[in-house]
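Trainee: Full structure from sequences and hints, please.
Residue numbers (my numbering), protein chains in the order written: chain A, 1 to 48; chain B, 1 to 251.
Don't read these hints as lab results, they were simulated from the structure. The beta-carbon is built from N, C-alpha and C at its ideal position, and this holds for glycine as well. Take the hints with a grain of salt, since some may be wrong.
Covered by chain A, according to a simulated footprint, are these stretches of chain B (three or more residues, beta-carbon under 8 Å) [said to hold, decoys possible]:
(1) 44–57
(2) 62–70
(3) 93–107
(4) 110–118
(5) 234–244
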Amino acid sequence: MDHTPFIIGSYAAAAVILGWCALAPVLRMRKIRGEINEQMRRESARKG
Amino acid sequence: MSRVKKAFHQFGSPPWLFRFAGILSPILWVACLGLTAWGLYWGVFLAPADYLQGESVRIMYIHVPAAWMSMMIYALMALFGFIALVWHIRATEILAMASAPIGAAFTLIALISGSLWGRPTWGTYWVWDARLTSELVLLFLYLGVMGLYNAFDEPRKGARAAALLAIVGVVNLPIIHFSVKWWNTLHQPASISVVGGSSSIDSSMLWPLLIMAVATKLYYGANLLTRTRVRLVEENRNKRWVRDWIEGKKG
Chain A
1 MDHTPFIIGS YAAAAVILGW CALAPVLRMR KIRGEINEQM RRESARKG
Chain B
1 MSRVKKAFHQ FGSPPWLFRF AGILSPILWV ACLGLTAWGL YWGVFLAPAD YLQGESVRIM
61 YIHVPAAWMS MMIYALMALF GFIALVWHIR ATEILAMASA PIGAAFTLIA LISGSLWGRP
121 TWGTYWVWDA RLTSELVLLF LYLGVMGLYN AFDEPRKGAR AAALLAIVGV VNLPIIHFSV
181 KWWNTLHQPA SISVVGGSSS IDSSMLWPLL IMAVATKLYY GANLLTRTRV RLVEENRNKR
241 WVRDWIEGKK G
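Mentor: See below:
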């Protein structure tokens, strides 16, 4: 039996899962920064 | 004020923790990537094939560190949860809840890679063996902790309920660890003994495995601190220090 597909499958699964797990907080931080920026812009516009 | 008490207070300060995590996490990410590249190159290209398992032994370099991490992170999550429940330190609540998705990720990797290793070695992807089943229960515990945390509108209430579940779930850790001794399982017993110091694994395979084990620990540290920073910003979005950081003044 050729073991290569099982080895590649294991490492690919690990790369996808760990990659997503690392990327998720970065994307979340970008979203929150955008929200806070927007909130600050609205607040300063209200103050004139 | 004693040094320990002062350190505890400092640790509990969101701006301090945010800056500390901001300095340490990039260092850990770089170290993690470097060690992972080294460990994978050694394990996949330089280490020999096993005389029984053949080339599929290379799956071990991701499966074993992931399985170790799944248990270590759970123990740490429960410890952080315990500290949060007893001493009401918000920072440890955040650390406990940030640990859950990382632990779940490692548990999922351990299950998938184990399953892919099992097909060529045992002839099946899955058996309801004590080790495999208790590891699957660990994944459900992680998902339970994450679900419970997000089920509350008030994050602190959610974190307390989830911390309690995490503490109760610790009972599963010795079951996972000793399952191969307590029951007659298809999963082989441990090849590496930290306490006894005797390992039945050759050093040509042991070293890349240990490098990967350190790399996964660095991944956990880096990811945990990155998630902690996100949570701190989310919870303190109206505070001056967050506004200053957004405007690029400091942090």
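Trainee: Evaluate each hint against the coordinates.
Mentor: Comparing the hints with the structure gives:
1. 44–57: holds (count 4)
2. 62–70: holds (count 3)
3. 93–107: Since three or more residues must qualify, the claim that chain A covers the segment 93–107 of chain B holds, with 3 doing so at under 8 Å.
4. 110–118: holds (count 4)
5. 234–244: holds (count 4)
Comparing the model with each numbered hint stated earlier shows that all of them hold.
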